[in-house]
Amino acid sequence: MVSEIWTEKYRPSKFPGIVGQDDIIKKIESLTNSLNIPHLLFTGPAGTGKSTLALIIVKELFEKNWKDNYLELNASDERGINVIRDKVKNFARTKSLGNIPFKIIFLDEADALTPEAQQALRRTMENYSATCRFILSCNYSSKIIDPIQSRCAIFRFKLLEKKDIEKVIKKIEEGERLQINPEAIEMLYEGSEGDCRRVINLLQSTASISPVINTELISTIISSAKPKDIRVVLDYALSGDFQKSREKLLDIMLKESISGQDVIKAVQKEIWNLPVEPDIKVKLTEKTGETEFRIVEGSDPFIQLQSLIASFVLAGLGR
Amino acid sequence: MTTTNWTEKYRPTYFIDIRGQELAVEKIKEFIRKFRKGEKAIILHGPSGTGKTAMAYVAAKEIHSELFELNASDLRNSQKLREILSPATKQKSLTKKGKIILVDEVDGISEVDRGGVTELIRLIESTSHPIIITANDIWGKKFSELRKKAELVQLKEIDYRTIKNVMIEILRKERKFIDNDILTNIAIRAKGDLRAAINDLQTAASLEDPSQILFDERNKEMDIFTALRLIFKGKPDKSTLRLFDSINMPIDQILLWIEENIPAEYQGEELAKAYDMLSKVDIFKRRIYRQQYWRFLVYENALLSYGVSSAKTNEKTGFTSYKKPTRILKIWLNNRRIEKKKSIAKKYARYVHVGEKRALREFPTIKQFLIKPEVQKELRLSEEEVEYLNKIEQ
Chain G
24 MVSEIWTEKY RPSKFPGIVG QDDIIKKIES LTNSLNIPHL LFTGPAGTGK
74 STLALIIVKE LFEKNWKDNY LELNASDERG INVIRDKVKN FARTKSLGNI
124 PFKIIFLDEA DALTPEAQQA LRRTMENYSA TCRFILSCNY SSKIIDPIQS
174 RCAIFRFKLL EKKDIEKVIK KIEEGERLQI NPEAIEMLYE GSEGDCRRVI
224 NLLQSTASIS PVINTELIST IISSAKPKDI RVVLDYALSG DFQKSREKLL
274 DIMLKESISG QDVIKAVQKE IWNLPVEPDI KVKLTEKTGE TEFRIVEGSD
324 PFIQLQSLIA SFVLAGLGR
Chain L
3 MTTTNWTEKY RPTYFIDIRG QELAVEKIKE FIRKFRKGEK AIILHGPSGT
53 GKTAMAYVAA KEIHSELFEL NASDLRNSQK LREILSPATK QKSLTKKGKI
103 ILVDEVDGIS EVDRGGVTEL IRLIESTSHP IIITANDIWG KKFSELRKKA
153 ELVQLKEIDY RTIKNVMIEI LRKERKFIDN DILTNIAIRA KGDLRAAIND
203 LQTAASLEDP SQILFDERNK EMDIFTALRL IFKGKPDKST LRLFDSINMP
253 IDQILLWIEE NIPAEYQGEE LAKAYDMLSK VDIFKRRIYR QQYWRFLVYE
303 NALLSYGVSS AKTNEKTGFT SYKKPTRILK IWLNNRRIEK KKSIAKKYAR
353 YVHVGEKRAL REFPTIKQFL IKPEVQKELR LSEEEVEYLN KIEQ
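Residue numbers (the numbering used here), protein chains in the order written: chain G, 24 to 342; chain L, 3 to 396.
Bear in mind the hints are in silico, worked out from the structure with no lab data behind them.
The reader is advised that the hints may include incorrect statements.
[As the list claims (entries may be wrong)] To spell it out: a stretch of chain L is covered by chain G in this simulated footprint if at least three of its residues, at any positions, have a beta carbon under 8 Å from a beta carbon of chain G; those stretches are:
1. 231 to 243
2. 291 to 297
3. 328 to 340
[As the list claims (entries may be wrong)] Covered by chain L, per the in silico footprint, the following chain G stretches (three or more residues, Cβ under 8 Å):
4. 105 to 119
5. 197 to 208
6. 218 to 227
7. 278 to 286
8. 333 to 341
[What the hints assert, rightly or not] Only pairs whose alpha carbons sit at most 25 Å apart, straight line, appear in this in silico DSS-like list of lysine-lysine:
9. L/Lys178 with L/Lys166
10. G/Lys166 with G/Lys110
11. L/Lys359 with G/Lys288
12. G/Lys288 with L/Lys151
13. L/Lys282 with G/Lys271
14. L/Lys151 with G/Lys32
15. G/Lys193 with L/Lys326
16. L/Lys379 with G/Lys32
17. L/Lys31 with L/Lys178
18. L/Lys359 with G/Lys249
19. G/Lys181 with G/Lys49
20. G/Lys166 with L/Lys359
21. G/Lys267 with L/Lys326
22. L/Lys63 with L/Lys101
23. G/Lys304 with G/Lys278
Fair warning: this is a prediction, and the values are worked out from it, not measured in the lab.
Even glycine gets a Cβ: it sits at the ideal position worked out from N, Cα and C.
Next comes chain L alone, as it looks inside the complex:
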């Protein structure tokens, strides 16, 4: 019965358990040792799964302190923040234990909520407890003040050999065996993210054929994020053209991802150029469909990758969190919402020899006389349908 998450189960307890981050460990040890009221905070920043949060927990454990965790959503509300934190910062802890405050994933604070950052800075200035802040990307403009108030410690992507060693240790403790080649593959594919590697390892160990893990779902999405980053941020080159080959996702789906995320990166002229590319992609798509001439796919692919990438004047920096396409979901939800309207339109359409879609479009006009009881009777509308019409009438 191993239902526990291995990433939880094998979370490091002491500094000595943290792998592949020797420099960062030294720095945080020193920070904790030297901390006095009014000193700077510490920001641990680096890619996912490199041990930022784990390091904060270990620090607290090592000095027998309590860890007081705040997430980004607590910071969003300065009122709430004050309520939660003021007792923690100003009063002695009830248990007389020391305290460490952890602000996890500070880059989760969105642009509009800059107040959160200001509040955090005020806390750093007034607290008598060390504050540890973690972030994927700390170089955004909104953090410029915060950076001045903190020591920056970068966590590197963990070397794949280190990852592999950790995995082997875990397997030994779990008394499981997985082929060496598969382990190497998992370690490389994790791209420095130890947590992802351990999650993959646990999944692989539960599979009848562990090599299946190399074709899983999550990786698909990780790759689309990487591809988006390369297209939107980087300068287009020949490799841009082949980008989609390495994503295990149909091109229509990729199109939706790009459509959704263009405005997250591009503005003004760039935005217009990028959507003009998409417009052309869409036309080629239709041409392929109509003429069954699949060579057009080359153009669809080139415009969608290189074309969209070339719409910008300068390369982009910083971290952007890309969103999943939402349009299809919205369409689906809407279809459920207008079910009754659709069933009425269907009856009407049959009766007057038009298509259902046309009847739906005519709905705002025809509803004026669809509310007449004679018409409803003639169309044999159900009670629920009549009720729907009466409701929209009010």
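Here chain G stands alone, though its shape is the one from the complex:
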């Protein structure tokens, strides 16, 4: 059955289908051909092909039996390392089917695990190393503890370039009989932020309104998906009302299920439209960058964001 969801429908099922990661594909392909792989660590931005590559590996290795020999877990969704350990245990208990003497466990967003949980994961990896290979995937390899990194072959995925994204758009344009003009392609690329999933979703959303795709349509979709009212948060702050500003911010974050980083992105873009002096815009941008850094380093994004809106309160006073 062909999927109605385009990220699935157009997900490559063979190595050459993956765009923009040629070096990685070459190495992985030869590893797979040798019918033996080490533990793998895929690191890189979202939507660059990590999960897809894992899926291709298992399909190549196990062919028809792939579903029986493959377990996919997402660290940020599972409730703690014990749940993960139990699932791994259950899965690894039975022998693999077919010629390959091991099964494969794909653990997505492994950087969501705390360091203690990663220690436990490392032991699990050791306990089942005879029967299981792990493919871990993460956005930031710095968040993975050294002992795990040293047990894995590491592959760093690159952000997709314009030509890669364009290739994907063209393919879908053809397959779905769409009409996309060059400006619209440009805009889709801008909106993709180098993330293949994102561009396909954008495309499908837009096409669900009309097969003739123009910039107007795309910008409607993009802006309807953007965190709304971030400007309101900033306006409250500039007018000196910190309490209202943070209340609104929490409200938006909860209602639209967006992360601290999403908020930062929107804030950073909005600064240039604010009614403040140029030198203050620069100051605010610097502070926003610092806040983004601290969100990555810290544990509670909302605390960091409050510190950011406090700076906007100061900016409102001309400081």
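Given the coordinates of chain G, work out where chain L should sit on it, guided by the hints.
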């Protein structure tokens, strides 16, 4: 069967029953005796549990008057206030009894509702009945006019020995016994608040082991309020650093309390500095977590106490009512509200090999095609889930 509250049961009836406030009692007696129309009102102010409200009730009882009580929320609405009070102030009481008007806890009137204070002043000027006003803190700017229209009588924190004597009397009447040391402890810990002491006493008397009372919940919160006051109002010194040791609350929880209440005290530059401290605290917190290097806790603690305290330029005065942290509750409520959205995102996430959290974030984009029946069928959405999608579409 002693289900009645001892604080109610042993509420003083006559002036002679009021303990530890001799001066204040003299003043209120004189106020009642000398009151004429157009005279000032009386404001009884002082910490909680020192007998402000009790004194008003006793005053009414002593002169065989009816007590007409108004709370802060009645004052908030000048319309309503006029309705309730005008008959009381201008007409003779139906029962021909005299009346005393009590405005309890006037500092419950919030800043925005200054109209309430104005209305109260107008009443003081026109009433033919004595008005007794109580307040924890009367020194706020919003009460400056009111202060001119009233005699101020301060109620002191009650000495712990007096508290202890009251407790012993109650125990005798209740035919109960509690160890002397425990009584002393309860009395000291009440910090001049007789009501708190009597509440503790009643709880202690109901426990199998009365000494358990010394580790109760309420005290925990009383202490966080004190700690917040010391941090936000006072000048930081060495003792500030040890402040959190005396609170029986995990530091993560304290962090939430401080986060919630910074804007109640700090503005502008101070606000920014204080949140910058919190930001650094949060980073140390993560470092401890990641590296399991617990010595970083020292910095977390110092920045959260001394650091936040030092963010201000001058010491602060006046009374601030601190709020409980609300963020965790809001998150919880929201999770319930978006249950359906979450279950849809979960099915979608499984199907397209992404995390649920990412699927939730993508929701505004993908909902455009999630409304297609083919897609819904492919994802095996339930009827309720389909209904949810149709609803948000409209």
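For each hint, the structure was consulted:
Look at the stretch 231 to 243 of chain L against chain G: 0 of its residues bring a Cβ nearer than 8 Å to a Cβ of that chain, fewer than three, so the hint is violated. Counting residues of the stretch 291 to 297 of chain L whose CB lies closer than 8 Å to any CB of chain G gives 4, which reaches the minimum of 3, so the coverage claim holds. A stretch counts as covered by a chain when three or more of its residues have a beta carbon under 8 Å from one of that chain; for the stretch 328 to 340 of chain L and chain G the count is 5, and the coverage holds. Residue count for the stretch 105 to 119 of chain G with a Cβ under 8 Å from a Cβ of chain L: 0. That is fewer than the three needed, and the coverage hint is violated.
With a threshold of 8 Å between beta carbons, the proposed coverage of the stretch 197 to 208 of chain G by chain L is violated, since 0 of its residues qualify and at least three are required. With a cut-off of 8 Å between beta carbons, the stretch 218 to 227 of chain G has 5 residues touching chain L; three or more are needed, and the interface restraint holds. Here's how the stretch 278 to 286 of chain G fares: 6 of its residues keep a CB closer than 8 Å to some CB of chain L, so the rule of at least three is met and the hint holds. Coverage of a stretch by a chain is defined here by at least three residues with a beta carbon nearer than 8 Å to that chain's beta carbons; for the stretch 333 to 341 of chain G and chain L the count is 5, and the condition holds.
Between the alpha carbons of L/Lys178 and L/Lys166 the distance comes to roughly 15 Å, so the proposed pair stays at or under 25 Å and holds. At roughly 23 Å between alpha-carbon atoms, G/Lys166 and G/Lys110 fall within 25 Å of each other, so this suggested pair holds. A distance of roughly 18 Å separates the Cα atoms of L/Lys359 and G/Lys288; the hinted pair therefore holds under the 25 Å criterion. With a CA separation close to 55 Å, the supplied pair G/Lys288 and L/Lys151 exceeds the 25 Å bound.
The hinted pair formed by L/Lys282 and G/Lys271 meets the criterion: a straight-line CA distance of about 23 Å does not exceed 25 Å. Taking the CA atoms of L/Lys151 and G/Lys32, the gap is near 79 Å; set against the 25 Å cutoff, the hint is violated. With a C-alpha separation of about 55 Å, the suggested pair G/Lys193 and L/Lys326 falls outside the 25 Å cut-off, and the hint is violated. A hinted pair counts as satisfied when its Cα atoms are at most 25 Å apart, and L/Lys379 with G/Lys32 qualifies at roughly 15 Å.
Annotation: proposed proximity of L/Lys31 to L/Lys178 is violated, straight-line Cα distance about 35 Å (limit 25 Å). Between L/Lys359 and G/Lys249 the CA atoms are separated by roughly 16 Å; this keeps the pair inside 25 Å, and the hint holds. Distance check on the hinted pair: G/Lys181 and G/Lys49 sit about 15 Å apart at the alpha-carbon level, within 25 Å; holds. The hinted pair formed by G/Lys166 and L/Lys359 meets the criterion: a straight-line CA distance of about 18 Å does not exceed 25 Å.
Between the alpha carbons of G/Lys267 and L/Lys326 the distance comes to roughly 17 Å, so the proposed pair stays at or under 25 Å and holds. Proximity of L/Lys63 to L/Lys101 is assessed by CA-CA distance (about 10 Å); at most 25 Å being required, the pair is judged to hold. The suggested pairing of G/Lys304 with G/Lys278 is violated, with an alpha-carbon distance near 28 Å, which exceeds 25 Å.
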